[in-house]
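Place chain B on chain A using the hints.
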Amino acid sequence: MRPLPQVRPRQVLLTTIPSDAHMWNLVFLQLLLEEKGCNVVNLGQCTPIDLVRDTALAMRPDLIVVSTVNGHGHLDSVRLVTELRRHPELADVTVVIGGKLGISGADNVRYAGQLIDAGFDAVFEADTDAAATDRLVELVAPRPVLGTRK
Amino acid sequence: MTAPDRFQRFVERSHDDGRLVVQPRMGFPSIDAMRAGLLAVRDSAAGTVGTITVDSFTRVNDNDSARRAIETGTPLNGFPVVAHGVTGTRAVLDGVAGPDFPVQVRHGSALPYQLIEAALAAGVDATEGGPVSYCLPYSRVPLRESTDDWARSCDLIAAHSSPLHLETFGGCMLGQLCPPSVLVALSVLEAMFFAEHGISSVSVSYAQQTHLGQDIAAVRALRRLAAERLAGLHWHTVVYTFMGVYPRSEIGAFGLLEDSVRLAVAGGAQRLVVKTPAEAHRIPTIAENVSALEFAAAVAAFAEPEEPAADEPDPIYREAARIIDATVTLAPTVGAALVAAFAKGLLDIPYCLHRDNAGLARAGIDATGRLCWTDPGRIPVEGRFAGRAGIGSAELLEMLNHNRDNFDRIMLTGMRKEVSR
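Chains A and B, in that order, give the protein sequences.
Letter by letter, the first sequence follows residues 1 to 150 in my numbering.
Letter by letter, the second sequence follows residues 1001 to 1421 in my numbering.
FYI, nobody ran anything at the bench for these hints, they're computed from the structure.
Treat the hints with care, since some could be wrong.
[Said to hold, decoys possible] Across the chosen pairs, the derived CB separations fall in these ranges:
{"id": "1", "chain 1": "B", "residue 1": "Asp1148", "chain 2": "A", "residue 2": "Thr82", "range": "31 to 37 Å"}
{"id": "2", "chain 1": "A", "residue 1": "Val109", "chain 2": "B", "residue 2": "Gly1123", "range": "44 to 50 Å"}
{"id": "3", "chain 1": "B", "residue 1": "Thr1368", "chain 2": "A", "residue 2": "Gln11", "range": "39 to 45 Å"}
{"id": "4", "chain 1": "A", "residue 1": "Gly113", "chain 2": "B", "residue 2": "Gly1123", "range": "44 to 50 Å"}
{"id": "5", "chain 1": "B", "residue 1": "Glu1304", "chain 2": "A", "residue 2": "Asp134", "range": "45 to 51 Å"}
[As the list claims (entries may be wrong)] Sample of chain A residues with no beta-carbon within 12 Å of chain B, all distances over it, derived:
{"id": "6", "residue": "Gln11"}
{"id": "7", "residue": "Glu83"}
{"id": "8", "residue": "Gln114"}
{"id": "9", "residue": "Asp117"}
{"id": "10", "residue": "Ala118"}
{"id": "11", "residue": "Glu138"}
[Stated by the list, open to error] Some residues of chain A that are not near chain B, with every Cβ distance over 12 Å (derived):
{"id": "12", "residue": "Arg8"}
{"id": "13", "residue": "Leu57"}
{"id": "14", "residue": "Ala58"}
{"id": "15", "residue": "Arg60"}
{"id": "16", "residue": "Val109"}
{"id": "17", "residue": "Arg135"}
From the three backbone atoms N, C-alpha and C, an ideal C-beta is built for every residue, glycine too.
Pulled out of the complex, with its shape left as it was, chain A reads as follows:
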């Protein structure tokens, strides 16, 4: 008999930045990621950088999603990703950021380069990328691991 495909749920750490008090974006993303089969730890609003780092070190997630809409994302998130990447255990984890990253609407795309340089693997700006959540979903698409049980 052929082995059944085994899917290990993706472990996702969902967070925002210290200055961002918005909550609905985090509530929505948790539901979306759970529907896609992820195990989600949602740290909630105004997340201190130390808390994100400590949780990431303890949890060793497959993916860290930073969602921010208050316009300070391009400032606070550089400090966040720099701190995460300082730890060898987190050097290879996929870290993505999305939302409204500045206060300039569509012009916020100009921050994408510096955010990638700072250590993010992907940057989604809501004002220019209507399909941003679709691209996030692609990142967590289940990849079956063939079982080897007899």
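Just chain B, lined up with the frame of chain A:
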């Protein structure tokens, strides 16, 4: 009973003259801009009170960052009351605030002591918030800590020679998808908390939700409960124009604002805090604020309280009264009772991620456009509920965008999606 303060007095006088008081959510970082904004609001064609909204650094007591921003000319999203200090704040108010134009500081702080100390010293007329409403939705501060800080702040206000009028923000938990009975109950409970700490002049609040008839019933239920539970206080009712996802089109945004005016008039509220159509895109200018205020005042002048079809207020009244009673019996003080009720889940804000929120309750929007429980968790409400299973990310998004989609449709079709009652 002592004579009312000048904020309450102005609102009562306007109401007696048949005028709804309208108020912006306005805040600018510099003394000159803040003063110019208040003067434009005062001299507008509407009956107004003034607003100083603080910036987000001041909200979290990061006054050093606010001072640095002032020094370097970095724009802030509001007026930093503590960083500008008593002198700077007085410079904004002198010759602007008065018996015919009282001014309120709006902030959003879970730990407001320092800010309230500065506002009192500067001669501000009023402020707002509450131990729950400014803790659970906007901060990570433990509820007990916020409650202690708000208790000290109220004690400070009560001991002052000219105390501030204090408005609860309890009528707006997360801005959307919180059923009316919990908004009404929290608004009254926070006002009872203020009274317990010696505050003698309060306002109770309710934020516009998704259905005009349901909202009118909620405001009427709120006024009845406030009359019963706030005996001996000076009080009035304030309505907020919708605080959730806002229409993108100008006509849709003005349509939603217009409904909030009708809500305030039909509900019997005395004051309305408006939103400007620009807010969906950026921080509005002074002129945009004034135009929204004058529009709201004009709608109010012609609105008939009996005109819109309203739901029966009794069910919301009964549900809110049951929640209040279940809460206050938990502890000898309202402050301790609020903390205990959240710990037990008797009070629970749907979808709120704060650690001190039980997070068991879920709410949705029914086929008629009214807010409803899908699962009340441990909140003591009666009835049969649909259960939370149906609410996935797509449904959540649709509900969050309900007002925006509904009012933006006016632009395309000349009518809203819903015509059903």
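Hints and how they fare:
1. For the pair Asp1148 (chain B) and Thr82 (chain A), the supplied restraint of 31 to 37 Å holds, since their beta-carbon distance comes to about 35 Å.
2. Taken as a hint, the range 44 to 50 Å holds for the pair Val109 (chain A) and Gly1123 (chain B), whose Cβ atoms sit roughly 46 Å apart.
3. Checked against the given bound of 39 to 45 Å, the beta carbons of Thr1368 (chain B) and Gln11 (chain A), roughly 41 Å apart, stay inside it.
4. As the Cβ distance of Gly113 (chain A) to Gly1123 (chain B) is approximately 49 Å, the hint placing it in 44 to 50 Å holds.
5. Separation of Glu1304 (chain B) from Asp134 (chain A) is about 48 Å and conforms to the stated range, judged on CB atoms against 45 to 51 Å.
6. No beta-carbon of chain B comes within 12 Å of the beta-carbon of Gln11 (chain A); the shortest separation is about 19 Å.
7. For Glu83 (chain A), the condition that its CB be more than 12 Å from all CB atoms of chain B holds, with the nearest at approximately 18 Å.
8. For Gln114 (chain A), the requirement that its beta carbon stay farther than 12 Å from each beta carbon of chain B is met, with the minimum near 18 Å.
9. Against chain B, the non-interface label of Asp117 (chain A) holds: every CB pair exceeds 12 Å, the least being about 23 Å.
10. Against the 12 Å criterion, Ala118 (chain A) stays outside the reach of chain B, whose nearest CB is about 21 Å from its own CB.
11. Its beta-carbon lying about 15 Å from the closest one in chain B, Glu138 (chain A) satisfies the requirement of being farther than 12 Å from that chain.
12. With a minimum CB-CB distance of about 22 Å to chain B, Arg8 (chain A) clears the 12 Å threshold, and the non-interface call stands.
13. Under the 12 Å C-beta cut-off, the non-interface status given to Leu57 (chain A) relative to chain B holds; the minimum distance is some 20 Å.
14. With 12 Å as the threshold on Cβ separation, the claim that Ala58 (chain A) sits away from chain B holds: the shortest Cβ distance comes to roughly 17 Å.
15. At roughly 23 Å from the closest C-beta of chain B, the C-beta of Arg60 (chain A) stays outside 12 Å, upholding its exclusion from the interface.
16. Every beta carbon of chain B lies more than 12 Å from that of Val109 (chain A), the smallest distance being close to 17 Å; the non-interface claim holds.
17. Here Arg135 (chain A) stays apart from chain B, with its beta-carbon at least about 15 Å from theirs, past the 12 Å limit.
Taken one by one, the earlier hints all hold for this structure without exception.
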